[in-house]
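Q: Letter by letter, the chains look like this.
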Amino acid sequence: MHELSLAISIIDVAAEEAERRGVTVVAVHLRVGPLSGVVKEALLSAYELAREESPLAGARLVIRQTPIVAWCPTCRCERQIESVQRLCCPACDAPTPDVRQGRELEVVALEVSDGNADTHGRSPAEGAQAE
Amino acid sequence: MATQTRMVEVRQKVLKQNDVVARALRRRFHEAGVFVVSLVSSPGAGKTAFLEELLSRLGARRHRVAALVGDLATDNDATRLARSGAPVRQITTGTVCHLEAEMVRDALGEWPLGELDFLFVENVGNLVCPASYDLGEDLRLVLFSVTEGEDKPLKYPTIFNTADVAIITKADLAAAVEFDAAQARRSIDSVRPGMPVFELSARTALRMGDWLDDLERRFREYRSERRATASAGLAVDPTANDRVGAAGGRNTGR
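Going line by line, the protein sequences match chains F and Y. The opening position of the first sequence corresponds to residue 1 in this note's numbering, with each subsequent residue numbered one higher. The opening position of the second sequence corresponds to residue 1001 in this note's numbering, with each subsequent residue numbered one higher.
Don't read these hints as lab results, they were simulated from the structure. Here a beta-carbon is modelled for each residue, glycine too, at the ideal position from N, C-alpha and C. There's no promise every hint is true.
[To be verified] Short, incomplete list of chain Y residues facing chain F, as computed with Cβ under 10 Å:
{"#": "1", "residue": "N1076"}
{"#": "2", "residue": "Y1133"}
{"#": "3", "residue": "N1161"}
{"#": "4", "residue": "V1165"}
[As the list claims (entries may be wrong)] Cβ-Cβ distance ranges computed for the label pairs, FRET-style:
{"#": "5", "chain 1": "F", "residue 1": "V62", "chain 2": "Y", "residue 2": "A1176", "range": "30 to 38 Å"}
{"#": "6", "chain 1": "F", "residue 1": "P55", "chain 2": "Y", "residue 2": "R1011", "range": "19 to 27 Å"}
{"#": "7", "chain 1": "F", "residue 1": "S54", "chain 2": "Y", "residue 2": "R1089", "range": "34 to 42 Å"}
{"#": "8", "chain 1": "F", "residue 1": "E53", "chain 2": "Y", "residue 2": "W1111", "range": "33 to 41 Å"}
Okay, chain F solo, but in the shape it has when bound (with noise of 0.2 Å):
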């Protein structure tokens, strides 16, 4: 119920970056981590109702969901974990408190097409080709 909170705020993330760097955004890449408490399918589609009349419209959102990685301290490495419901290790079976990946909610990338599209929604690249 807060995914649209967080689609505002992405859309926001987005746009501020877009303007800085003069280019229009096609796609935003997102990794979300299962101990976000973000579900997907909500975020999608809260997405859906955000982006509309806003600077993102056109742009598409890309979800990558990031595995949970946590610190085995006996084996001394980074293990990948399967379930949220036993954070142990998945090799020796010792208990990983230490959770490195997992929690994470970020705008990783931006796909952009550089300047702004024109009025007919082309890029300068299209519009300059048209002529």
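Chain Y: place on chain F using the hints.
A: Only chain Y this time, still in chain F's reference frame:
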């Protein structure tokens, strides 16, 4: 023709508005030196009864305490808690099923936080949504009662992962419901290895002393760390203890 696209690296955490407010609250709490403890649980787990006991006993140990309590409706809980003699304010959320940082900020108003040792924030009864809302607290307690089942933690891993200490309440009823404490501790340890657990009863005072001792130890550590930071002239990093997933999360296991 297809538009040429390229990838631009951004790598920016998404902070929703709540997290921005929570960071500011956390900074304000640290400047005032007040140790803030929040409580989350399902409805009926005994947050208010537990907090009522805490406020009385901490007051008796000469601590200056205050509380905020969130409910959808009524100020019954605030009235109950105020019997302890501590200042208490009720946050009535209407239809919102969790407290947000903004509600805490608005409820605090101009309360003189510098005059407090402890501020308790009792969340709305809900084990789901509070997981996503940092309130700027230093310590988050997750409570569940012996009547709720030993696998409760397995059903709500996200909230257990944003909390610091598990309190198993109504321990005086454990025998009557054949509660398997060892199994419950295994469940907690499965989703949050090393999480400290206290089994107690607010009603009969069973093992409340052990918990109070631990709380006071944490308070002393908080205050001495704060003094050390201040005397070293270091600024407190407001992002260092962001609580919930969308803002980074913490590993405690303390």
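Q: Confirm or reject each hint.
A: We went through each hint and held it up to the structure:
1. N1076: 26 Å, violated
2. Y1133: 8 Å, holds
3. N1161: 5 Å, holds
4. V1165: The hint is violated - Y:V1165 has no Cβ within 10 Å of chain F, the shortest such distance being about 14 Å.
5. F:V62 <-> Y:A1176: 30 to 38 Å: Because 53 Å falls outside the window, the suggested range is violated.
6. F:P55 <-> Y:R1011: 19 to 27 Å: 20 Å, holds
7. F:S54 <-> Y:R1089: 34 to 42 Å: 37 Å, holds
8. F:E53 <-> Y:W1111: 33 to 41 Å: 40 Å, holds
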